[in-house]
Amino acid sequence: DSGVTQTPKHLITATGQRVTLRCSPRSGDLSVYWYQQSLDQGLQFLIQYYNGEERAKGNILERFSAQQFPDLHSELNLSSLELGDSALYFCASSPWGSGSGDNEQFFGPGTRLTVL
Amino acid sequence: EDQVTQSPEALRLQEGESSSLNCSYTVSGLRGLFWYRQDPGKGPEFLFTLYSAGEEKEKERLKATLTKKESFLHITAPKPEDSATYLCAVRSTQGGSEKLVFGKGTKLTVNP
Chain P
1 DSGVTQTPKH LITATGQRVT LRCSPRSGDL SVYWYQQSLD QGLQFLIQYY
51 NGEERAKGNI LERFSAQQFP DLHSELNLSS LELGDSALYF CASSPWGSGS
101 GDNEQFFGPG TRLTVL
Chain G
1 EDQVTQSPEA LRLQEGESSS LNCSYTVSGL RGLFWYRQDP GKGPEFLFTL
51 YSAGEEKEKE RLKATLTKKE SFLHITAPKP EDSATYLCAV RSTQGGSEKL
101 VFGKGTKLTV NP
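So the sequence lines, in the order shown, correspond to chains P and G. The first sequence begins at 1 in the numbering used here and counts up by one. The second sequence begins at 1 in the numbering used here and counts up by one.
Once the Cα atoms are required to be at most 27 Å apart in a straight line, the calculated DSSO-like pairs of lysine-lysine come out as:
#1 P:9 to G:107
#2 G:42 to G:107
#3 G:42 to P:57
Simulated coverage check for chain P against chain G, where a stretch passes if three residues somewhere in it have a Cβ under 8 Å from a Cβ of chain G:
#4 47-57
#5 108-115
Quick caveat, the hints were computed from the structure, so don't treat them as lab data. We treat Cβ as the ideally placed atom computed from N, Cα and C, and that holds for glycine.
Next up, chain G with everything else stripped away, as it sits in the complex:
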């Protein structure tokens, strides 16, 4: 069964304290790994798509990387406005139809 596991469930950082979020996945033939950001009471917002091991993408203080078994979301010198839940998803074709399978997310809190 295609699965996504994110760790840690919650992470508290001080402003400027860099860290990484982990997304481990099992999928039959990776056809895309996605990172989304979700603020409380709002819908997820797309951040990145990665397709192959070794690929990296950056956006402001965020950098996403991909290996054959996991992806990391690196946060460099975070600010309080980076506080959100970060969701990882893989594109799955299990069951005969294509869909995104999401992890449960990592809730990031950045304290000033």
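For reference, chain P alone in the conformation it holds in the complex:
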């Protein structure tokens, strides 16, 4: 158990809908990272927040947004969902902002999103 929690575990929804995925980092970790994992693309970095501020951005679509709250939990909002958004979404956390230490990231168990 990494100490990172994600809810829900599974989510089934329809095209055009909006969903919110939630992540609670390990106690004391200030950084939260969001990743998308699909069979053809592998694990793709979406966005990072550090202590409430956006720190780094990857290939995140404009239909997707995220935020980190004062208690450090984070939410990933996915809107106008398409079939191609079906994937596993992982949250990870680390104590560091960037570039320091081993940058070990602790991954949660993921949310499996199915868009029908």
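With chain P's structure known, arrange chain G on it following the hints.
The following block gives chain G in isolation, referenced to the frame of chain P:
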């Protein structure tokens, strides 16, 4: 563009049969190469970080090595519980923000 390519995509071994997984990378100034293990239906689990060519790290039956262009994950006398997908990643600053760029992984199956 910073890239990570892993080979083979899948590997089947008999218990005790040692082998190596390959991770080739292109990155502007390596600032860390990472190995993770991922079990089915779970999030990746950190294994190693390597920073410079010639560096080696070991953990139980696993040893990771690094050259200027690639990294190897050597598995000595594997057991069925070593079956997992092994992911390699590099720290990239491409696009102005720091992130991990992952390969697609090598799915390892160790048969008893």
